[in-house]
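Student: Next come the chains, spelled out residue by residue.
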Amino acid sequence: MIAEIGLAALWLAAALAVLQMVSGAMALRVPEGEAAPLAIYTRPAAIVQAFLAVLAFFLLLYSFAVTDLSIKLVATNSHSMKPLIYKLTGTWGNHEGSMLLWVGVLAASGGLLAAFEKRLPERTMGATLAVQGFVALGFYAFLLLSSNPFERLPVPAVEGTGLNPLLQDIGLAIHPPTLYAGYVGLSVAFSLAMGALLTREVNPSFARAMRPWVLGAWVLLTLGITAGSFWAYYELGWGGWWFWDPVENASLMPWLAATALMHSVSVLAARDALRTWTIMLGVLAFSMSMLGTFLVRSGVLTSVHAFAVDPERGSFILALLGLYIGGAFTIFALRAGAVAEGKRFAATSREGALVFNNVMLSAILAIVLLGTLYPLLTEAFDVRVSVGPPYFNPASAIFAIPMLLVMAVGPLLRWRADKPARIQFEMLLIAAVLIGAIALVSFFGSYPFLPLLGLGLAPALAVAAVLPLRGRNLRRVPAATWGMVLAHFGVAVSLFGMACEGAFTQERLAAVAPGGTEQVGDFSVTLESVAPVAGPNWTAIEARLAVRQGDGEPVILSPQARNFWSPPQATSESALLTKWNGQLYAVIGNQAEDGRWQIRVWWKPFVTFIWYGGILIALGGVLAIAGRVRVDVKRRKAVKLGDARRADLEALGAAPVPAE
Amino acid sequence: MIRAAFAAMLVLLAVLLPRPLGAQDTMPPAPYAYNQLDDPRLEAEAAALMHTLRCLKCQSQSIADSDAPMAGDMRHQVRSRILAGESPDQIRSWLIARYGDYVSYEPEVSSTTWPLFAVPVLVILLVAGVLLRRLGKRRSDAGEAA
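From first to last, the protein sequence lines stand for chains A and B.
The opening position of the first sequence corresponds to residue 1 in the working numbering, with each subsequent residue numbered one higher.
The opening position of the second sequence corresponds to residue 661 in the working numbering, with each subsequent residue numbered one higher.
Rather than coming from a laboratory, the hints here were simulated on the basis of the structure.
Note that the coordinates shown come from a computational prediction; the quantities given were computed from them, not determined experimentally.
Glycine included, every Cβ here is placed at the ideal spot set by N, Cα and C.
Heads up, some of the hints might be wrong.
Pair by pair, the computed Cβ-Cβ distance ranges are [to be verified]:
id	chain 1	residue 1	chain 2	residue 2	range
1	B	Leu702	A	Ala513	21 to 27 angstroms
2	A	Arg596	B	Ala704	23 to 29 angstroms
3	A	Gly322	B	Leu786	20 to 26 angstroms
4	A	Ser558	B	Ala708	28 to 34 angstroms
When you get a sec, could you build the whole thing from the sequences and use the hints?
Tutor: In structure tokens form, the structure reads like this:
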């Protein structure tokens with residue numbers, strides 16, 4: 001029954017999406033100011049649709065929790081012996097389930113928008129919700145017609161096949177839902193941009209309505225990428241934290257667009273400039289989300305040929321992609337001319353710096369997009385090329401380095417127009433730190449160019465991040481400014497981690513007999529013993545490594561080589577020793593003929609800063625949201641109070657009239 | 661005793677669970693697959709090269725990041741050739757000759773890869789154009805206004 005209710009809920013939600021679309025469009029048919037009779041259904045349709053889609057997702061979650069093996073999806077992706085947490089996370093560890101999560105989040109954000117956004121004119125709101133309904137409808141169709149998550153088996157399976165062991169990890173519990181919420185949160189920015197464009201309401205009050213959605217989606221994307229990078233780092237067993245893998249790029253591209261959009265929407269809200277930019281970036285950001293979904297979900301990455309052989313799902317998403325992105329850019333091209341450009345500004349102004357960095361972010365986005373799609377394109381013509389770190393690192397650095405330098409001084413500039421001479425001292429200080437750090441590092445050793453530059457930029461950016469607070473009363477600084485300072489500081493922290501990992505990592509790979517000792521950095525690692533252990537759905541061999549730093553007390557690390565039996569697969573469970581200044585990363589490999597064990601140990605100085613930085617960046621975003629919401633609530637209160645007072649005055653003024 | 665039980669279990673596992681690359685798994689890995697070169701300078705050279713070579717059996721992993729037996733064999737090839745005095749570029753060309761362009765993560769300009777280099781140049785020009793239009797003109801406007 002549960003599965004049927006879920007399926008029915010999805011069909012009903014799809015029907016409501018149609019109602020939402022039609023009713024929202026009706027609001028556009030009548031002239032401004034008049035009430036459209038059908039338009040009243042838009043908001044309720046969005047809210048009920050959100051409820052139904054979320055309900056469908058929870059019903060699937062329940063089916064996974066109780067391992068209902070009569071449902072095809074559960075039988076092919078779960079196993080009755082799995083720990084409960086991985087039964088639950090298995091819900092989105094597969095194609096259909098993750099698309100249901102996607103659609104659920106899409107509907108939920110539409111519902112939240114309909115329920116709580118009261119500032120925008122009804123016409124704009126109607127157009128926005130109509131677009132949101134239109135987008136949702138396409139993905140309902142995708143889910144219902146080509147990836148039904150609730151499909152039953154004619155005969156219930158005796159036992160499930162199990163979940164890919166790499167995905168049986170707590171990282172997977174957090175990473176995809178966060179990332180999806182971020183991806184799909186951008187749909188609201190997209191719908192709002194289209195709504196504002198259609199009703200010619202591109203103005204600061206529109207930007208203020210859009211900002212929390214962009215910030216929220218951006219925070220979630222940041223956290224999702226950070227969690228994903230950490231997961232890849234400790235789960236894949238080789239200590240890499242970013243591989244420029246197409247799946248990673250699929251999450252990086254929306255983030256780059258969202259970062260640019262977030263800055264642009266702030267300028268629009270504060271200064272009424274960059275109107276067309278904001279709209280374009282709003283369309284771009286969600287387009288990248290959909291492209292990411294296509295890349296990950298169509299199977300095109302495993303092999304273009306596999307995709308060509310079984311193209312149903314892929315072509316469906318590709319068609320949706322073409323429809324939405326093509327449609328949006330067509331409307332943009334038709335209407336952009338009608339949007340006034342907004343307030344003007346000089347090149348050396350805060351807006352100027354933001355424009356520069358938005359262009360740089362877009363350029364990095366273009367490089368990542370090219371490097372990700374090009375191999376797919378040539379593969380279709382049977383030419384296989386690989387594009388990897390040696391391409392992405394320098395090509396994106398061309399744009400990232402000027403961007404980081406401008407990021408250092410941008411917040412110090414005034415709005416509209418400024419003279420560089422005014423911030424001479426700050427610029428000299430940043431340059432001094434940059435050059436000093438590079439000189440200091442190159443004095444102690446020779447390192448590759450990019451890590452070296454990173455080691456110089458990181459402290460310079462850290463100093464630059466807190467400079468906007470100089471000479472200000474810290475208790476009066478708005479929360480949003482603290483958010484900016486924190487996020488920019490986070491960039492410096494993260495960059496420091498990346499540069500240190502690139503420059504100072506020490507590696508030791510060796511075959512060790514029990515009792516043997518290896519040296520990495522100033523740690524000595526002794527293999528004390530190797531023993532078999534068993535878990536709920538795996539067996540493993542576990543090494544006991546005694547790690548001593550200098551003459552210190554030994555710490556025991558226990559890396560495992562696990563063998564899962566359903567589905568059969570081997571994974572390395574790394575063991576990490578976290579110090580304030582880095583991480584020791586240990587992995588146990590196979591046993592050699594002569595009885596010695598392969599161990600791999602890395603000392604990675606400050607590698608943890610990469611993810612600390614990511615968390616700081618996200619925290620900055622949260623602070624900015626909190627600050628904006630507080631100001632907004634205050635403003636609403638003040639408006640209410642003012643209205644009440646005005647009403648009182650009018651009542652006072654009007655009262656004597658009937659008396660006379 | 662534990663060791664014997666463990667060995668029995670491993671044998672049992674190996675029999676019960678034929679893995680995709682079972683045949684290769686049973687062969688011991690080549691000496692330099694999991695062992696470093698003694699000379700740290702040569703090892704650094706080899707490591708840098710290995711990070712830019714694709715593991716052909718994996719999805720988007722370099723041979724320096726993979727447990728696949730084939731990646732192990734390729735690491736052995738790279739390390740032993742570095743030890744024999746070959747330069748990283750020579751080894752890369754040898755691998756490309758053997759496995760095709762696909763093996764190298766570092767695309768070189770060729771008839772099939774030129775857009776990878778042409779497009780960034782275009783992007784740079786485009787970026788310069790957009791910035792000049794948006795920011796350059798503004799300055800003159802501001803100048804006139806002032």
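Student: Between the beta carbons of B/Leu702 and A/Ala513, is the distance compatible with 21 to 27 angstroms?
Tutor: holds (25 angstroms)
Student: Take a look at whether the Cβ-Cβ distance between A/Ser558 and B/Ala708 falls inside 28 to 34 angstroms.
Tutor: Taking Cβ atoms as reference, A/Ser558 and B/Ala708 lie about 31 angstroms apart, which means the hint holds.
Student: Confirm or reject the claim that A/Arg596 and B/Ala704 have a C-beta distance inside 23 to 29 angstroms.
Tutor: Hint holds: Cβ distance 24 angstroms, inside 23 to 29 angstroms.
Student: Determine whether the Cβ-Cβ distance between A/Gly322 and B/Leu786 falls within the hinted range of 20 to 26 angstroms.
Tutor: holds (23 angstroms)
Every hint, counting from the list given before, is met by this structure.
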